[in-house]
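The chain contents come next:
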Amino acid sequence: MITSILRPPPIIARMAFFAVLLGAWEWASRMGMVSRFIAPPPSEVVPAIGLLYHDNELVTRFLRTFGQVFAASGIGAALGMIIGWWLHHNKNAGRAFTDWFAAIAAAPLVLLFPLFLVLFGRNASTIIAMGAVAVLPPIILKTKEGLDHVPPVLINVGRTFNLTRWQHIRLIMMPASLPTIFTGLRLGLVFALINVVGVEYLIGFGGMGLMIAELGDRFEVAGMYAAILFVVLCSACFFWFTARLETWLLQTR
Amino acid sequence: MRKHFVLAATLTTFLSGTAFAETLKVALPQKGNWDTGIVEFGVKAGIFKEAGLDIEISYTAGGAATVQAVISGSVDVAMQTGLLGLIGAYAKGAPVRVISSAMTGSPDIYWYARADKNIKSIKDATDKTMSYSAAGSSSHLLALSLLDQAKIKGKPTATGGIPSTYTQVMSGQIDIGWAVPPFGVEDLKAGKINIVAKGNDLEEIRDTTVRVNFANADSLKTKRALFVKFSEAYIKSLEWSYANDKAIDYFAESAEVPRAVALESRNGFYPKEAMQPYDVRGLKVSLQQAVDFKFIPKPMDEKEIAGLFDILVPKK
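Respectively, the protein sequence lines represent chains V and U.
Residues -11 to 241 in our numbering are what the first sequence spells out, letter by letter.
Residues 182 to 497 in our numbering are what the second sequence spells out, letter by letter.
Take these hints with a grain of salt, some might be off.
[Claimed, not checked] One side only, chain V facing chain U, incomplete, derived with CB under 7 angstroms:
| # | residue |
| --- | --- |
| 1 | Phe25 |
| 2 | Ile191 |
| 3 | Gly204 |
| 4 | Asp205 |
[Unchecked claim] Straight-line Cα separation of at most 16 angstroms, EDC-like style, residue types lysine to aspartate or glutamate; simulated pairs:
| # | chain 1 | residue 1 | chain 2 | residue 2 |
| --- | --- | --- | --- | --- |
| 5 | U | Lys225 | U | Glu434 |
| 6 | U | Lys475 | V | Glu45 |
| 7 | U | Lys212 | U | Glu454 |
| 8 | U | Lys332 | U | Asp368 |
| 9 | U | Lys479 | V | Asp43 |
| 10 | U | Lys404 | U | Asp491 |
| 11 | U | Lys225 | U | Asp430 |
| 12 | U | Lys453 | U | Asp297 |
| 13 | U | Lys273 | V | Glu32 |
| 14 | U | Lys475 | V | Asp43 |
| 15 | U | Lys370 | U | Asp297 |
| 16 | U | Lys417 | U | Glu454 |
Simulated from the structure, these hints should not be mistaken for laboratory data.
Quick caveat, the model's predicted, so the values are computed rather than measured.
Glycine residues also receive a C-beta, built at the ideal position from the N, C-alpha and C atoms.
Take these sequences, add in the hints, and give me the full structure.
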């Protein structure tokens, strides 16, 4: 009994930690330790999500942001897997450019937004292009890594069966590298979400990022935190969904 | 004896100068503009030091970030902040007080087009893209009002900050851009761009306070004398900046533009009367705009908002 209290299941531990965090925030705000004009208590923030729905077109803005995230992820994933395959296939290119992509993955690409504004104008294309650029490095690196680490025994089995090039890719290389590629896809999706919301905020255009900027400008602090909380919750759901999808795909491959 | 005299003189000089100077943290929303530069010029000219004030200047992003900096006590006074945002903050209970007016009307903001586009006035803006910075900003409000006043159907388009707007105008993505001097003044002189409209073309805005200087209400209660001293020094600095050519040198240096451009910017876009610090004018117009742009959820009258204003130095 005591052991089960001291070592709760992960889901209970997670929820308890979250509850303690919210409780501490509520207490600090109510005691005046944190000004409610800077960080309003959760009891003001959570109901404000409802107001976002009524006053700020939450659904439309959510769909716009996530539409852009999916578009950026789709473009980035397609290009990234092709480049990753090329880096795997062409060993010289792999040695020459892999470090570059690793460096790009660590760079704050969001700061390039003025350049993209000039290239694409102040519209959804800029946001999608910036999201796609952010998605590229993890997918390129993980695709290459996955393909590089396909067990030689599987490749040899393919050769023994005289598989055609296409069969070799479809039946050996892709299934064997799928878990690693999927890790890249999940990272890419998260990078896309961060960049899309960040660029929307910076250029004042689009969905959730723009909503956060507008609420901040109007000094609707509770609403602003509610919008941020909403994006975080969506991101968590998004991450959970891709994890489930990965499990399902790996089971059915 | 002589040694003691020198020591006493040094000590007296020290105590009458820095040791007794009270520190005040001041937030400026933009570096390199004439209106936001008045405090900087006063500091350089020694006006604040003379008043016994040691001014620490920091630059903020303006808007809500500035309001939060004042509420949290990171800064004592914030200059040239949009009145609508402050009305919104006050209506939500934020402890802020306007201590002086900073800009009446909008003589500084202007809209321009590339000279080869043949857009000479707002009447040529039909079906043209006309920029503003972001939804709910003062440039948005003014762009809509300018089109409305001229009864023209333009296409208001958000283009972000001044440099990115300029790029979009010059690359042909946008027909009419917005700017504030000294930005664009060199291009205006060179004939690369021409002015299409100015903020003060709007009759109702010309005598309406758009930006103010403000402080934390609680600090104002406890350190009122200090804020009064600051306001007096600010007004002195304002007078000095319009009377003394040295201010143009400081302005040119701060904005990193040639002196002639700095002079042209001040004389053409910042009339002294617009920067009068004594009265907050046209409050009815501002309250209506605050509702229109969702800064306040429901209409308020002048009495309900009266507590926001605590003008420290009345006009003599």
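Here's how the hints hold up against the structure:
1. Phe25: OK, holds: V/Phe25 within 7 angstroms of chain U, min 5 angstroms.
2. Ile191: holds, 5 angstroms
3. Gly204: For V/Gly204, the interface hint holds, since the closest Cβ of chain U sits about 5 angstroms away, which is under 7 angstroms.
4. Asp205: Holds, about 5 angstroms.
5. U/Lys225 <-> U/Glu434: holds, 12 angstroms
6. U/Lys475 <-> V/Glu45: Measuring from Cα to Cα gives roughly 14 angstroms; hence the hint holds.
7. U/Lys212 <-> U/Glu454: violated, 22 angstroms
8. U/Lys332 <-> U/Asp368: violated, 29 angstroms
9. U/Lys479 <-> V/Asp43: Between U/Lys479 and V/Asp43 the Cα gap is close to 13 angstroms, so the pair holds against 16 angstroms.
10. U/Lys404 <-> U/Asp491: holds, 14 angstroms
11. U/Lys225 <-> U/Asp430: Satisfied, since the Cα-Cα distance of roughly 11 angstroms is no more than 16 angstroms.
12. U/Lys453 <-> U/Asp297: Measuring from Cα to Cα gives roughly 33 angstroms; hence the hint is violated.
13. U/Lys273 <-> V/Glu32: holds, 13 angstroms
14. U/Lys475 <-> V/Asp43: Roughly 10 angstroms separates the two Cα atoms, so the pair holds.
15. U/Lys370 <-> U/Asp297: Given pair U/Lys370, U/Asp297 holds - Cα atoms ~15 angstroms apart, limit 16 angstroms.
16. U/Lys417 <-> U/Glu454: Given that 16 angstroms is the threshold and the Cα spacing comes to 15 angstroms, the pair holds.
Violation of the numbered hints given earlier is confined to hints 7, 8, 12; the remaining hints are satisfied by the structure.
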